[in-house]
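Chemist: Below are the chains, spelled out letter by letter.
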Amino acid sequence: MDFQLSEEQQLIIQTVRRFIRDEIRPLEADLDPDAYELPEAEYERLVAMTREMGLYQMEVPVEFGGPGVDIVTRTLVAEELSQHRAGLYDAAYGVFGDSPPAQLYACTPAQREKYLDPFLRGERHAFFGLSEPSGGSDPARAIQTRGVRDGDDWVINGGKLWTSHADTSDFGVLYVRTDPTKGRQGITAFIVDTDTPGFQVARLVQVLRAHYTTELTFTDMRVPHENILGEEGGGFALANDQLARNRIPYAAACTGIAVWSNELAVDWAKQRVTFGEPLANRQAIQWMLVDNEIDIRSGRWAALQAADLSQRGEPFRFESSMAKLLCTEGAGRVIDRCMQIFGGLGMSKDLPLERFYREVRIRRIGEGPSEVQRIVMARDILNVRSGS
Amino acid sequence: MPLRKPWTVWDDSVSSKSIPGAMGVYELADEHQQLLYIGKAGGRSPFGIRGELFRHFSTSERLAAENWTHPRMGEDLPAIAGRARYFRYEVNHQYYSRWIELLTRHNEDYGTLPPANLQDPEQPPRLGRYHWKSEGL
Chain A
759 MDFQLSEEQQ
769 LIIQTVRRFI
779 RDEIRPLEAD
789 LDPDAYELPE
799 AEYERLVAMT
809 REMGLYQMEV
819 PVEFGGPGVD
829 IVTRTLVAEE
839 LSQHRAGLYD
849 AAYGVFGDSP
859 PAQLYACTPA
869 QREKYLDPFL
879 RGERHAFFGL
889 SEPSGGSDPA
899 RAIQTRGVRD
909 GDDWVINGGK
919 LWTSHADTSD
929 FGVLYVRTDP
939 TKGRQGITAF
949 IVDTDTPGFQ
959 VARLVQVLRA
969 HYTTELTFTD
979 MRVPHENILG
989 EEGGGFALAN
999 DQLARNRIPY
1009 AAACTGIAVW
1019 SNELAVDWAK
1029 QRVTFGEPLA
1039 NRQAIQWMLV
1049 DNEIDIRSGR
1059 WAALQAADLS
1069 QRGEPFRFES
1079 SMAKLLCTEG
1089 AGRVIDRCMQ
1099 IFGGLGMSKD
1109 LPLERFYREV
1119 RIRRIGEGPS
1129 EVQRIVMARD
1139 ILNVRSGS
Chain B
34 MPLRKPWTVW
44 DDSVSSKSIP
54 GAMGVYELAD
64 EHQQLLYIGK
74 AGGRSPFGIR
84 GELFRHFSTS
94 ERLAAENWTH
104 PRMGEDLPAI
114 AGRARYFRYE
124 VNHQYYSRWI
134 ELLTRHNEDY
144 GTLPPANLQD
154 PEQPPRLGRY
164 HWKSEGL
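Those protein sequences? They're chains A and B, same order as listed. The numbering of the first sequence is our numbering, which starts it at 759 and goes up by one. The numbering of the second sequence is our numbering, which starts it at 34 and goes up by one.
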């Protein structure tokens, strides 16, 4: 395995790192500590810069008009992009461009013209609706939202929970049970416009972090057959493949906030004097910093290995689950230790640590909780397949 | 969900000790209890909800009598100044998303933000839609 980054990768990483430190972090001094958007003028100015740098929408494949940056490089970049106060969930405040729900790349030419291309131009916004009140980690069984064919339409009834951005989106990708007799083969993905009669945001669900998610209800919502994404009954496979792939940069972003938190803690340990000695001279602090490095590096290498396997087209589900588990849990431990090193200051909104602490806790649940990642890995180890 | 607490009139019986210094959201209304403003006392608010309400309703002189100053006294928005008569608040550590929720609900029900929020230099992020209005509207 070659651990040396290419010149291009090094250049991209240095560029993104400088951008976060010189452009994003200074702006945060004047924003609310829980803010997740920039003032419009600043946003437009920074988007112009990322376009000029050729790094706008770097996740978009070449065939869809993007730069098609590979997943290893995107994993490296994800670790850099999150290194600011809002970075875990709103990396660089979106100035590197939003990514559509990845399943949209399975669209037909007509769907591309109506949904994907306007999204990529920034004209329309989209959400991803999978989890329901009945559960999210086991979509094959938990999806109860029902679609029934009626002529050229499907009539959809049910609801979704934990659906981020549905209230601000123009359309979304919804997973619906279209054949209750076929298990995971009975789930179909639909593109649904949010102004469709019967589509409602029942409530905004307040959570631990500064953003919120939504609860959706669908009442006799008619969706055209042509809005099926991929194959009828092929929704689960479509979701599953992308979920495994998404876990890798999702994991790397957690490492990013751990890296920055640890840098802050190292600086503080060197300058803070207690009982006549800098904190850095105390073995208790030294061991915390060492444990931080161990958590950071083990997470980083696990994410890069998963990305490397994915890029080479080899099986990577075990590795992406391991990366997700190591990075999310490791980052939580790192931030907790950094807050301990900072003492009272670590609890305050003067530093980003308290926001990271709240947000990284969610990451042990989002994109599949740690326990589900362990189930995925155990199946691989024991060579057993889940029931359908 | 909108704030459902009853309105409290601002008069001399309101003391700084009776309003929490915590983070949260608050609403101001005119003498007819028509909503004027949905505000937040965020992580950079020097005295939390207490500070925000006093800067809207009170005077520098009254604060000085309590050995207190607020850096934003006298900065009130035209739609609030001299018109605000009632208040209500909610202590909420997730003040930012709760503030957006309240603004979103108002925007959906009335098609616009409260008058003073339209004048506020701090505009919220892009607000979403519920696709339904509150009962009774």
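Just so you know, these hints were derived from the structure itself, not from any lab. Please note that the accuracy of each hint is not assured.
[To be verified] Pairs of lysine-lysine residues, derived as BS3-like cross-links and limited to a Cα-Cα distance of at most 30 Å, are as follows: (1) A:1107 with B:38; (2) B:166 with A:1107; (3) B:166 with A:872.
Chemist: State for each hint whether it applies.
Modeler: Okay, the hints, checked on the actual structure:
Under the criterion of a C-alpha separation no larger than 30 Å, the hint pairing residue 1107 (chain A) with residue 38 (chain B) is consistent with the structure, at around 28 Å. The suggested pairing of residue 166 (chain B) with residue 1107 (chain A) is violated, with an alpha-carbon distance near 36 Å, which exceeds 30 Å. Of the supplied pair hints, the one linking residue 166 (chain B) and residue 872 (chain A) holds, its CA atoms being roughly 28 Å apart against a limit of 30 Å.
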